[in-house]
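Colleague: In the order they appear, the protein sequences are chains C and S.
Residues in the first sequence are numbered from 1 upward in steps of one, following the numbering used here.
Residues in the second sequence are numbered from 1 upward in steps of one, following the numbering used here.
Calculated directly from the structure, the hints in this document are not laboratory data.
Please read these numbers as outputs of a predicted model, since none were measured by experiment.
Incorrect hints may appear among the rest.
[As the list claims (entries may be wrong)] Derived, one-sided and incomplete: chain S residues facing chain C with beta-carbon distance under 10 angstroms:
(1) LEU14
(2) ALA26
(3) GLU32
(4) PRO76
(5) PHE79
(6) GLN87
(7) PRO103
(8) ILE105
(9) MET127
(10) GLY128
(11) PRO129
(12) LEU140
(13) ALA143
(14) ILE206
(15) GLY230
(16) TRP249
For every residue, glycine included, the Cβ atom is placed at its ideal position computed from N, Cα and C.
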Amino acid sequence: MASTALTFRPPRRQISWAWLGLLPFLVFAFAFLIAPAFSLLLGAFRDNQGAVTAKNFVDLTGPFIRNAYWLSIRISAVTALMGGVFGFLLAYALVLSGVPVWVRTGLVTFCGVASNFAGVPLAFAFVAILGRTGVVTQFFHHSLQFQIYQHGFNLYSFAGLSVTYLYFQLPLMVLIMAPALDGMKREWREASENLGASSLQYWQHVGLPILLPTILGTMILLFGNAFGAYATAYALTGGSLPLVTIQIGAQMRGDVLHNPGLGYAMALGMVVIMAVSIGLYTRLQRLSERWLR
Amino acid sequence: MRRTNVWGWVWVLLGTAYFLMPLLGAFQFSLEMRRGVLSLLAYQRAFADPEFWSTFLFSNQMAVLTIVVSLALIVPTAFWVHLRVPQWRPVVEFITLMPFVIPAIILVFGMIKLYKSPIMIGGLTLMGPPTNSVIGTNALLVAGYVILAMPYMYRAVDAGLRAIDVRTLTEAAQSLGAGWFTIIVQVILPNLRAALLSGALLTFAIVVGELTLASFLDRPAFGPYLWLLGQHRAYEPAALSIISFALTWVAMGIIYFVSRGRGGQGQVAGAH
Chain C
1 MASTALTFRP PRRQISWAWL GLLPFLVFAF AFLIAPAFSL LLGAFRDNQG AVTAKNFVDL
61 TGPFIRNAYW LSIRISAVTA LMGGVFGFLL AYALVLSGVP VWVRTGLVTF CGVASNFAGV
121 PLAFAFVAIL GRTGVVTQFF HHSLQFQIYQ HGFNLYSFAG LSVTYLYFQL PLMVLIMAPA
181 LDGMKREWRE ASENLGASSL QYWQHVGLPI LLPTILGTMI LLFGNAFGAY ATAYALTGGS
241 LPLVTIQIGA QMRGDVLHNP GLGYAMALGM VVIMAVSIGL YTRLQRLSER WLR
Chain S
1 MRRTNVWGWV WVLLGTAYFL MPLLGAFQFS LEMRRGVLSL LAYQRAFADP EFWSTFLFSN
61 QMAVLTIVVS LALIVPTAFW VHLRVPQWRP VVEFITLMPF VIPAIILVFG MIKLYKSPIM
121 IGGLTLMGPP TNSVIGTNAL LVAGYVILAM PYMYRAVDAG LRAIDVRTLT EAAQSLGAGW
181 FTIIVQVILP NLRAALLSGA LLTFAIVVGE LTLASFLDRP AFGPYLWLLG QHRAYEPAAL
241 SIISFALTWV AMGIIYFVSR GRGGQGQVAG AH
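Throw the hints in and build the complete structure from the sequences for me.
Modeller: Right, dumping it as structure tokens:
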């Protein structure tokens, strides 16, 4: 047995050197992705004098940084939840409610564009409609005699940033949910109807259980998407909302923490949260592929 | 086959309204620079600023460089993974997904920390700090963009390779005496035209207007320029945002057009 296995094996030399073809890619990824990340990791274990310490990670629990994380987590969770729910409803409406195909194609294409429309231009578009002199603000003021800024709304706040984030969160949900809803086989519906199930029962016992991993997974992806966002928040609020990304930016500009190591630890904490959410997303996505393919 | 659901239309209309509102609003706002009448004054003013052109040109140059570097890096790699080292696929895919875990702000943080000091190997200084020179910083910017675009570029190329029979094409070319370079340039690349165009346009959409890397590396790019303009002007930034959106539309429109009939869910990217 052993000898036949050996004869069928291709020449050894070829196997052991073929990976060298990946060398340029691996070197590039190491130099500009892995090494920078690793250098943050090393920096996080240094104190101001350069001695090795783990104190920076203890200091992450200080109120300043804790608030930043908490704010980022809240805004990511809120926009992921809202983007997830409304994105699902929109995807459902596009795929399963019988609207014409051109409506569906048009909106899905638009979602592709909208999920790419972020950062400074997105922030400015929202300033143009919901800023103090924005078109919608003025419309409410002049036509409806309602001044939204005197009733608690402020674009440069949590609510305003959430509405803005939704502009790329919602399309992302639609882009992932639409194909998943498409993958629901008509036979499943017919089979449950033949067995006497109502529409509600079908969704409760068949539809949702199949879609749940995709829905949850995508909402976790949206969470990470918002968590890592910097440009949109910075362009909109100019740093007045102390999100983690904003604080990291401030730390890079002027060492606001007075401790570079703590800044690196803060960045590392972010990477960990991102890694957990992307990891969960991939896991759940794999789970849903069992049915939807 | 199924009756049209009224709620379906309600959600579609609500969604459309939400999507269109900022665009129409910003567009209307951008036309209101001259009091009382609609005019293109904001656009004229925006285009009259030489700094707009210089930063826009700079960002386009960076985009082109990014596309060239990332094609040169990703196409041979993806090709090699398909053909010769499929056992490396999980590793390569893992690396190409890493930029999702390391957002732009963290990437630039790490890059600056690492490259603000001289590059040394075993006590031997290879070169001075890259962030000290214009060319070094530009190189870091392009490298960072290649990383940010990597998940999309790799997926586009990988999907393109899956759609063609790489092995047969390569063996046919080899039996006709072609070398690796000829195979990639004359056989594989032409077959990947649509995939490469998608990857390139997506990269373009990410790079032009990107703020985070450009601003922390202190490069005169369009993103930081637009941001600065927004600090002391009202109408011109709205006009330029509309232009930016139109550019994204054009890029996505071409992607949609070239990849029509291939299915797929469309591409998702963004430098949020």
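Colleague: Now, for every hint given, state plainly whether the structure supports it.
Modeller: A quick look at each hint next to the structure:
Taken as an interface hint, S/LEU14 checks out: its beta carbon lies about 8 angstroms from the nearest beta carbon of chain C, inside 10 angstroms. Look at S/ALA26: its Cβ gets to within about 4 angstroms of chain C, closer than 10 angstroms, so that hint holds up. Restraint check, S/GLU32 versus chain C: the minimum CB separation of about 9 angstroms is within 10 angstroms; hint holds. Because the closest C-beta pair between S/PRO76 and chain C is about 7 angstroms apart, less than 10 angstroms, the hint holds.
The restraint placing S/PHE79 at the interface with chain C holds, with a minimum CB-CB distance near 9 angstroms, inside the 10 angstroms limit. At a threshold of 10 angstroms, the smallest CB-CB gap from S/GLN87 to chain C is about 9 angstroms, leaving the interface hint in force. Interface hint at S/PRO103: satisfied, since its Cβ lies 3 angstroms from the closest Cβ of chain C, which is below the 10 angstroms cut-off. Hint on S/ILE105 holds. Least Cβ distance to chain C is approximately 4 angstroms, under the 10 angstroms limit.
Checking S/MET127 against chain C by beta carbon gives a least distance of about 13 angstroms; that is not within 10 angstroms, so the hint is violated. Interface restraint check for S/GLY128: the shortest CB-CB distance to chain C comes to about 16 angstroms, outside 10 angstroms, so the restraint is violated. Of the supplied interface hints, the one on S/PRO129 is violated, with its beta-carbon coming no nearer than about 14 angstroms to a beta-carbon of chain C, more than 10 angstroms. The interface hint given for S/LEU140 is met, as the beta carbon of that residue sits about 8 angstroms from the closest beta carbon of chain C, less than 10 angstroms.
For S/ALA143, the suggested interface contact is upheld, since its CB lies about 4 angstroms from the closest CB of chain C, less than 10 angstroms. The beta carbon of S/ILE206 comes within 8 angstroms of a beta carbon in chain C, closer than 10 angstroms, and the hint placing it at the interface holds. Given the 10 angstroms rule on beta carbons, the hint for S/GLY230 holds: about 6 angstroms separates it from the nearest Cβ of chain C. A hinted interface residue such as S/TRP249 counts as satisfied when its beta carbon comes closer than 10 angstroms to some beta carbon of chain C; here the least separation is about 5 angstroms, so the hint holds.
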